[in-house]
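Engineer: Here is how the chains run, residue by residue.
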Amino acid sequence: MNKTVRVALVALLCVGAAACSKKQEVKPQAQPPEQVAQTETNQSNGKYTPADLDTDACLRQRVVYFDFDKTEIKPEFQQIMACHAKYLQDRPMSHIRLEGNTDERGTREYNLGLGERRGNAVSSALQAAGGSASQLEVISYGKEKPVCREHNEDCWSKNRRVEIVYTAQ
Amino acid sequence: MIKPMRKFSPSFAVILLALAAWFAGPVAAQSLNVDIVGGVKTATPIVVVPFAQQGGTPPSTDIADVMRNDFNRSGKFRSLAKSDVVEFPAQGSDIKFATWRLLKQDYIVVGRIKDAGDGMLRVEYELWDVNKQQSLLAQAFTAPAGDLRGVAHQIADQIYEKITGVRGAFWTRMAYITAVGLGNNTTYSLIVADSDGFNPQVVARSKESLLSPAWSPDGRKIAYVSFESGNSNIYIQDITTGSRQLVSSHKGINGAPAWSPDGSRLALSLSYVGNPEIFVLNLATRQETRLTNNLAIDTEPVWAPDGQSIYFTSDRSGRPQIYQVSASGGDAQRITFQGQYNAKASVSYDGKQIAMVQGNGNVYRIAILDRSLGGQVRFISPGPIDDAVSFAPNASMLLYAATEGSRGVLYSVSNDGMVRQRLALADGNVQEPAWGPYRQR
Numbered sequence: 000m001n002k003t004v005r006v007a008l009v010a011l012l013c014v015g016a017a018a019c020s021k022k023q024e025v026k027p028q029a030q031p032p033e034q035v036a037q038t039e040t041n042q043s044n045g046k047y048t049p050a051d052l053d054t055d056a057c058l059r060q061r062v063v064y065f066d067f068d069k070t071e072i073k074p075e076f077q078q079i080m081a082c083h084a085k086y087l088q089d090r091p092m093s094h095i096r097l098e099g100n101t102d103e104r105g106t107r108e109y110n111l112g113l114g115e116r117r118g119n120a121v122s123s124a125l126q127a128a129g130g131s132a133s134q135l136e137v138i139s140y141g142k143e144k145p146v147c148r149e150h151n152e153d154c155w156s157k158n159r160r161v162e163i164v165y166t167a168q
Numbered sequence: 000m001i002k003p004m005r006k007f008s009p010s011f012a013v014i015l016l017a018l019a020a021w022f023a024g025p026v027a028a029q030s031l032n033v034d035i036v037g038g039v040k041t042a043t044p045i046v047v048v049p050f051a052q053q054g055g056t057p058p059s060t061d062i063a064d065v066m067r068n069d070f071n072r073s074g075k076f077r078s079l080a081k082s083d084v085v086e087f088p089a090q091g092s093d094i095k096f097a098t099w100r101l102l103k104q105d106y107i108v109v110g111r112i113k114d115a116g117d118g119m120l121r122v123e124y125e126l127w128d129v130n131k132q133q134s135l136l137a138q139a140f141t142a143p144a145g146d147l148r149g150v151a152h153q154i155a156d157q158i159y160e161k162i163t164g165v166r167g168a169f170w171t172r173m174a175y176i177t178a179v180g181l182g183n184n185t186t187y188s189l190i191v192a193d194s195d196g197f198n199p200q201v202v203a204r205s206k207e208s209l210l211s212p213a214w215s216p217d218g219r220k221i222a223y224v225s226f227e228s229g230n231s232n233i234y235i236q237d238i239t240t241g242s243r244q245l246v247s248s249h250k251g252i253n254g255a256p257a258w259s260p261d262g263s264r265l266a267l268s269l270s271y272v273g274n275p276e277i278f279v280l281n282l283a284t285r286q287e288t289r290l291t292n293n294l295a296i297d298t299e300p301v302w303a304p305d306g307q308s309i310y311f312t313s314d315r316s317g318r319p320q321i322y323q324v325s326a327s328g329g330d331a332q333r334i335t336f337q338g339q340y341n342a343k344a345s346v347s348y349d350g351k352q353i354a355m356v357q358g359n360g361n362v363y364r365i366a367i368l369d370r371s372l373g374g375q376v377r378f379i380s381p382g383p384i385d386d387a388v389s390f391a392p393n394a395s396m397l398l399y400a401a402t403e404g405s406r407g408v409l410y411s412v413s414n415d416g417m418v419r420q421r422l423a424l425a426d427g428n429v430q431e432p433a434w435g436p437y438r439q440r
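Going line by line, the protein sequences match chains V and F.
Take 0 as the starting number for the first sequence in numbering that gives the first Met the number 0 and just add one per residue.
Take 0 as the starting number for the second sequence in numbering that gives the first Met the number 0 and just add one per residue.
Hints were generated in silico from the structure; no laboratory data involved.
Hints may be right or wrong, so weigh each one.
Among the chain V residues that face chain F by a calculated CB cut under 8 Å, a handful are [unchecked claim]: (1) Arg90; (2) Gly105; (3) Thr106; (4) Leu111; (5) Leu113; (6) Glu115; (7) Arg116; (8) Ile138; (9) Ser139; (10) Glu143; (11) Arg148; (12) Asp153; (13) Cys154; (14) Lys157; (15) Asn158.
Listed next, the in silico DSS-like pairs over lysine-lysine satisfying Cα-Cα at most 30 Å (straight line) [unchecked claim]: (16) F:Lys95 - F:Lys81; (17) F:Lys161 - F:Lys81; (18) V:Lys69 - F:Lys250; (19) F:Lys161 - V:Lys144; (20) V:Lys157 - F:Lys206; (21) F:Lys103 - F:Lys81; (22) F:Lys351 - F:Lys161; (23) V:Lys73 - F:Lys250; (24) V:Lys157 - V:Lys73; (25) F:Lys161 - F:Lys103; (26) V:Lys157 - F:Lys250; (27) F:Lys206 - F:Lys113; (28) V:Lys73 - V:Lys46; (29) V:Lys73 - V:Lys144; (30) F:Lys103 - F:Lys131; (31) F:Lys206 - V:Lys144.
The beta carbon of each residue, even a glycine, is placed where N, CA and C say it ideally should be.
Kindly generate the complete structure, drawing on both the sequences and the hints.
Structural biologist: So, in structure tokens, the structure goes:
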């Protein structure tokens, strides 16, 4: 069966199939247009596949941002937690490295601790949503790996983050 | 008081040679650009007359120039600019004191350089009190021609001690990290240089972050954190031979190494137990002793000079503050109460002053807590993104890291904050300064 046919088949099966609708629950409520295409690539049993990491609108979101000096996961990231946790459940051999980062303010070693705390917060959230601890690893880079180098809150808010990196799909 | 003549040890030249032999690549690091900011009107005026050349090839190092820079950045002295030096006596008997009194100088240094054969130079100097017309010091050093900067720093140290009563710390070194390049093309280097920023030498290089260099008390080794294996690990490297050992590679953070005053133990921050806690690692037995136990971030340990207690950063009260705990464990006492954010303590040799990074709002500056003055805190840097500080071994100056524009730079600053000297790379960041211990002659 070539890929086009299979995708079409899956799409057909998904129409009204309970297995597909369950997965829909974890999707962002305001679904972008590409949501349709991504549903088509799912297998009929509703489980994520590695291809979804590139196509699924939720799974493609791999960065969790934090408020200053905070480690709580903001409500807008709960959906991301849910879909990545589902991926971990669906793919028991998959593995995620959570890379904790901070903004430039404060000392490097304290920021290592803060980055780790944020990584742990994401790890806990993923476990609470069904991921397994053995699939998760936390590393902190503190303020060593900024994505933005200006000295303002806009930039700092981009650096206060945990990056979700799949080391095994 | 005339001290006996000393022969200058050529140990630094030996170190450089050994480094050159050990590393395959070039070891000289990108040199730092140095400039001085500020000045103190009340500082003691001193004139350093250019040293006379008496035989042999004139050396490339201007000893008097190195000494003037030392005196100026200390904040304690104000040396007469070279262009204002109007007479050039080479020895005490040549000094016309009236001239220097007219120029309002309190002290005068004269000296001469002689050829001592076999590539060695003999440097003689005298320190005189201008008003009393009295000789205070007359000494000589014999050193390789390549070590004249070292000789100049040692002379400045002797003069500093003679006049202030405090041991000089110009002839010391510093360690720092440079980060050159952007993103994945960044190269991190652990550098050791003279305390004035000259003679930078590469100790270690990595494509991943290096941080938290810490000097062993004998000045021979540096412990530091490297991400070269992916995670933060702690290494100890011998700066003479280049040989190094991995001393901590637990899961999680292995950070913030600090040597005990006797050099036998390292205090560390390790998070394999769930969150960063302070541990003490016995380097001989490899036994780890845990000092803290709570859910907070406990990091950046530093030993009190007597080795009996350890200061560290903890956010157990919400935001980071400095705490003190016995080196054998037990309850920790919070010692900082002013400022929203206090981290990375550096302790003066006498234990009376604690320098740290203090954050208030978006402004992070270097503050000194004076424990002998009832916990009074004063700022010695303007901020706003200063993030590391380290005392000189005599506490007369400190090194700290600042961010200027997109660039990380270091400053050496006098203890009163009045005089600052910027140390910057033309291209790249300088960060994580650690002032080394006194050197052994």
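Engineer: Give a verdict on every hint.
Structural biologist: Status of the hints after comparison with the structure:
no.: 1; hint: Arg90; verdict: violated, 23 Å
no.: 2; hint: Gly105; verdict: holds, 6 Å
no.: 3; hint: Thr106; verdict: holds, 4 Å
no.: 4; hint: Leu111; verdict: holds, 5 Å
no.: 5; hint: Leu113; verdict: holds, 7 Å
no.: 6; hint: Glu115; verdict: holds, 6 Å
no.: 7; hint: Arg116; verdict: holds, 7 Å
no.: 8; hint: Ile138; verdict: holds, 6 Å
no.: 9; hint: Ser139; verdict: holds, 6 Å
no.: 10; hint: Glu143; verdict: holds, 4 Å
no.: 11; hint: Arg148; verdict: holds, 6 Å
no.: 12; hint: Asp153; verdict: violated, 13 Å
no.: 13; hint: Cys154; verdict: violated, 11 Å
no.: 14; hint: Lys157; verdict: violated, 14 Å
no.: 15; hint: Asn158; verdict: violated, 13 Å
no.: 16; hint: F:Lys95 - F:Lys81; verdict: holds, 17 Å
no.: 17; hint: F:Lys161 - F:Lys81; verdict: holds, 23 Å
no.: 18; hint: V:Lys69 - F:Lys250; verdict: holds, 23 Å
no.: 19; hint: F:Lys161 - V:Lys144; verdict: violated, 47 Å
no.: 20; hint: V:Lys157 - F:Lys206; verdict: holds, 23 Å
no.: 21; hint: F:Lys103 - F:Lys81; verdict: holds, 15 Å
no.: 22; hint: F:Lys351 - F:Lys161; verdict: holds, 23 Å
no.: 23; hint: V:Lys73 - F:Lys250; verdict: holds, 27 Å
no.: 24; hint: V:Lys157 - V:Lys73; verdict: holds, 14 Å
no.: 25; hint: F:Lys161 - F:Lys103; verdict: holds, 20 Å
no.: 26; hint: V:Lys157 - F:Lys250; verdict: holds, 27 Å
no.: 27; hint: F:Lys206 - F:Lys113; verdict: violated, 46 Å
no.: 28; hint: V:Lys73 - V:Lys46; verdict: holds, 26 Å
no.: 29; hint: V:Lys73 - V:Lys144; verdict: holds, 22 Å
no.: 30; hint: F:Lys103 - F:Lys131; verdict: holds, 13 Å
no.: 31; hint: F:Lys206 - V:Lys144; verdict: holds, 12 Å
Going down the numbered hints, you'll see the structure goes against 1, 12, 13, 14, 15, 19, 27, while the others check out.
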